[in-house]
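Undergrad: Listed below, chain by chain, are the residues.
Number of protein chains: 2
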Amino acid sequence: MVETMQHWLDKQADLSPNRIAIEQPNRESVTFSQLRDKAKSFARKLASQGVKSGNHIAIYATNSIEMITAIHSLSYIGAIAVLLNTRLSNTEVAFQLKDANVSLVLSSENLLEKASLIENSGTSVKSFEQINKLAELDTELKREICLEDLCTIIYTSGTTGLPKGVQHSYGNHWWSAISSALNLGLSDNDRWLVALPLFHVGGLSILMKSIIYGMPVYLLEKFDVDQVHHGIVERNVTIVSVVSIMLVRLIEKLGVQTYPKTLRCMLLGGGPASKSLLEQAKSHGIPVFQTYGMTETSSQIATLSPKDALTRLGSAGKALFPAQLKIVNNAQVSPVNEIGEIFVKGLMVTSGYLNNDKADKMAFQNGWLATGDLGYLDDEGFLYVMDRRKDLIISGGENIYPAEVESVLDSIQGVAEAGVIGSEDDRWGQIPIAFIVKNKKSLDEKEIVDYCLQHLAKFKVPKRVYFVDALPRNASNKLVRHKLINLLPTE
Amino acid sequence: MVETMQHWLDKQADLSPNRIAIEQPNRESVTFSQLRDKAKSFARKLASQGVKSGNHIAIYATNSIEMITAIHSLSYIGAIAVLLNTRLSNTEVAFQLKDANVSLVLSSENLLEKASLIENSGTSVKSFEQINKLAELDTELKREICLEDLCTIIYTSGTTGLPKGVQHSYGNHWWSAISSALNLGLSDNDRWLVALPLFHVGGLSILMKSIIYGMPVYLLEKFDVDQVHHGIVERNVTIVSVVSIMLVRLIEKLGVQTYPKTLRCMLLGGGPASKSLLEQAKSHGIPVFQTYGMTETSSQIATLSPKDALTRLGSAGKALFPAQLKIVNNAQVSPVNEIGEIFVKGLMVTSGYLNNDKADKMAFQNGWLATGDLGYLDDEGFLYVMDRRKDLIISGGENIYPAEVESVLDSIQGVAEAGVIGSEDDRWGQIPIAFIVKNKKSLDEKEIVDYCLQHLAKFKVPKRVYFVDALPRNASNKLVRHKLINLLPTE
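So the sequence lines, in the order shown, correspond to chains A and B. The first sequence begins at 1 in the working numbering and counts up by one. The second sequence begins at 1 in the working numbering and counts up by one.
A few of these clues could be false.
Claimed, not checked - Just a sample of chain B residues kept apart from chain A, beta carbon distances all over 10 Å, derived:
#, residue
1, SER41
2, SER305
3, ILE339
4, PHE364
5, LEU471
Claimed, not checked - Pairs of lysine-lysine residues, derived as BS3-like cross-links and limited to a Cα-Cα distance of at most 25 Å, are as follows:
#, chain 1, residue 1, chain 2, residue 2
6, B, LYS326, B, LYS98
7, A, LYS98, A, LYS282
8, A, LYS438, A, LYS463
9, B, LYS133, B, LYS114
10, B, LYS126, B, LYS142
11, B, LYS98, B, LYS114
12, B, LYS142, A, LYS326
13, A, LYS142, B, LYS326
14, A, LYS261, B, LYS261
As the list claims (entries may be wrong) - Covered stretches of chain A, as calculated for chain B (at least 3 residues, CB under 8 Å):
#, stretch
15, 108-119
16, 173-183
17, 186-194
18, 321-329
Keep in mind the hints are simulated off the structure, nothing from the lab. Where is the CB? At the ideal position from N, CA and C, for every residue including glycine.
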């Protein structure tokens, strides 16, 4: 059966025309009917540039109403939004544009200069403002959404080092939004603060919830501890999505104060949180709900529910209602309390990677996604995530795959071998550090870092470089990353 | 894509094992894990009787935990529940059993005697208690639900007089539950009172919501004004589904009292309500949300939302988020404020009637269901229902099709012609009354009523019979029902 619905933004504008859709500090708010009008107008202007259904259009922007408008406008055309991480290097962006066959990059004004460097790779770049100056083409826009149609593509790094385009259908986003509502409940008073970048699925998913629930979003350009604090204390925000480092800073800012009762949920994702951080939050009365999810699951797929939040500290909860979860060890489902690989299943899970059969084959088994993450279920079915994907480094909520950094290091003249691991860091959770065997005496740390800065997003660049004689390798000569830690100089 | 989920009751029992699933006055409550255990046990006992996936099993019962257990147990087997209206005559029930190819009728204890009369039609009847005494068969039960699979069948009378089996897939029930949550919101404190019979979709849909939301149901065997009042005032019920006559009686009972703030929604369905009733409710501070729906839409498809309830008295609101609605006149979409036939579309709408291509062809047009009901949309998209399906009589929330009653009347010896309409009634909304042209002098009202009582549910039996000389007919000799009213004796 083809599952269709009225276009979500049209529908919400019909249901709640005058309700606030987006509120921002120091900018005028936008209602659902205004957002619909903006998005449709933008769509007709894009159409005048030849943008058509099925086209892949990249968005390269910091959080703003214009970015949200652009994302929704593409759905009116039936074009697919490829959301680019603005922290990536030009080389990384160029790879994604080519891999996703992007025909146009839409950029926010403040990034246009940076974006124009992308243009050298051959893809046309236009700012939101440039599009807005165009005349509208009188063209038929989509009135209905088909749930199985492709909506967005977001790249995620793989263990092999080459990023993979995660495809989200409208249905994936729909089921993600509904799953979250079934867990957190849904109130007319809800206002969800977005400080996560909208190019990550954690941020994007809140936009989808906004138009599906009819819920105002309190939008920040980026995480700013004072603005988030203000939103919670003064602007009646009820839900905030954060990663660990944001929570750390909010607690610092909070001091001996407590948040008002209006804050009902601080949704904590983007990697494991330390027990001490969770306990600190608890002692401050912050309603932290730990979550587990990834780009492939269109945001959270397991979350600690309100009723269990206080008694199950450290758990990411149970799989959301429409989702399933199992722990697998040697192709067998693991017994209770035994660590194994986390497998997930559900209608919010991507149906596959863009043009990447190999990655699909590795990831999917009988409708289940093998996440590569390690964890266990306790005797009541609560999930405890032990380690994110093998060797994955999570720094301030961003994923870093050692293999990707190593392959850049390997390409530096003078580097014979390179190994990268994460090192604990109070501020960022983890930071990447590198171990290098060099074959050119003069090579120094600065040279290495400079080269990396040209080819990698800044957050992926090793924060410390150690020159060593040899890397630990196993019998088949494979790098044994977990032994790298032993090479650290003892001080 | 095949859309599967973990079995809903298993899932909710995993998520909220100790939460109350069903509460009843003067009976012990049942938690979700207990309900799951009961339903699985009952399923294994049914399996011992040869009940298999795909079988059509009728339920003939008054509201009870046993009835709920039986309904859920069938989903563990993959059998389809045919929900019988216990108010129907044996002839009517026999038709449905045959039409739906029912292999077994499950009856509540209190109806077993009545049900055993059904057995004469050749279908085996067992009470819940009889099944409960059996040993369990060790058989594999369903772990997953496939949304496109058939879940329930509920008969609805058609304009032609012959009832049609409305097929509800799991997906229909799912989308109905989600649609309602998106409109009414979802709170951890919710407790939904069920006084409607569970064999109607309005009652059944609350069971589905219960296991999908993890929400306790406050179950009454039948509508009892004192018990409903008690539930609202003493037992923290937050939502109640009612039909007009129930609301009338609740307001009488309420007197000068008001309900506690815990009652957040009185969902009013089952036919149009008079403006004076709605105003009375408003003056008592009762949060009435008028709805529009039918068996084919798996309960409400349009509902006045909380934010519009007070300003749009008399409207049934807007189509729920995943639903669409249009008004059609002469095959054209009607302009604003113009009355036409109501068409609906959405994933909660049945995909068709059981083995009834003719009815399907009449009802469905390009994915839209032609409801036969008349109404209009105002300039802001609010639906006003003017008349339910052509000539439909709604009495105490039960549908009565004149054609069905007329065809029984026509079969009485001595009746030459018969016409049936609804007459306004303070208590029931409407009651059926009959106009008869007789060709046997001795025929009297008692004879007619007695005959009807044998062949029709009591609520369908004409409450008054008028003997007339001729019925109003049009040029093609078709009965013109709306002119029957002119034949009423003037007093």
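Undergrad: Run every hint past the structure and note whether it holds.
TA: Hints versus structure:
1. In this structure SER41 (chain B) is separated from chain A by more than 10 Å, as the shortest Cβ-Cβ distance comes to about 21 Å.
2. Distance to chain A contradicts SER305 (chain B) as a non-interface residue, since its nearest Cβ pair spans about 7 Å, not more than 10 Å.
3. With a least CB separation of 20 Å from chain A, ILE339 (chain B) remains clear of the 10 Å interface cut-off, as annotated.
4. Every CB of chain A lies more than 10 Å from the CB of PHE364 (chain B), the least distance being 13 Å, so the non-interface label holds.
5. Here LEU471 (chain B) stays apart from chain A, with its beta-carbon at least about 45 Å from theirs, past the 10 Å limit.
6. Among the hinted pairs, LYS326 (chain B) with LYS98 (chain B) is inconsistent with the structure: their alpha-carbon atoms are about 36 Å apart, more than 25 Å.
7. At roughly 46 Å between alpha-carbon atoms, LYS98 (chain A) and LYS282 (chain A) are farther apart than 25 Å, so this suggested pair is violated.
8. The suggested pairing of LYS438 (chain A) with LYS463 (chain A) holds, with an alpha-carbon distance near 18 Å, which does not exceed 25 Å.
9. Only pairs whose Cα atoms come within 25 Å are accepted, and LYS133 (chain B) paired with LYS114 (chain B) is accepted, the gap being roughly 21 Å.
10. Between LYS126 (chain B) and LYS142 (chain B) the CA atoms are separated by roughly 23 Å; this keeps the pair inside 25 Å, and the hint holds.
11. At most 25 Å may separate the alpha-carbon atoms for a hinted pair to count; LYS98 (chain B) and LYS114 (chain B) meet this at roughly 18 Å.
12. For the hint pairing LYS142 (chain B) with LYS326 (chain A), the CA-to-CA distance comes to about 17 Å; that is within 25 Å, so the pair holds.
13. About 17 Å separates the Cα atoms of LYS142 (chain A) and LYS326 (chain B), which keeps this hinted pair within 25 Å; it holds.
14. Pair hint LYS261 (chain A) plus LYS261 (chain B) holds up; C-alpha atoms about 19 Å apart against a cutoff of 25 Å.
15. Interface restraint, the stretch 108-119 of chain A with chain B: violated (0 residues with C-beta to C-beta distance below 8 Å; minimum three).
16. Note: the stretch 173-183 of chain A has 3 residues with beta-carbon separation from chain B under 8 Å; the three-residue rule is met and the coverage holds.
17. Beta-carbon proximity to chain B at under 8 Å applies to 3 residues in the stretch 186-194 of chain A; the threshold of 3 is reached and the given coverage holds.
18. Restraint check on the stretch 321-329 of chain A versus chain B: 3 residues with Cβ-Cβ distances below 8 Å, three needed, restraint holds.
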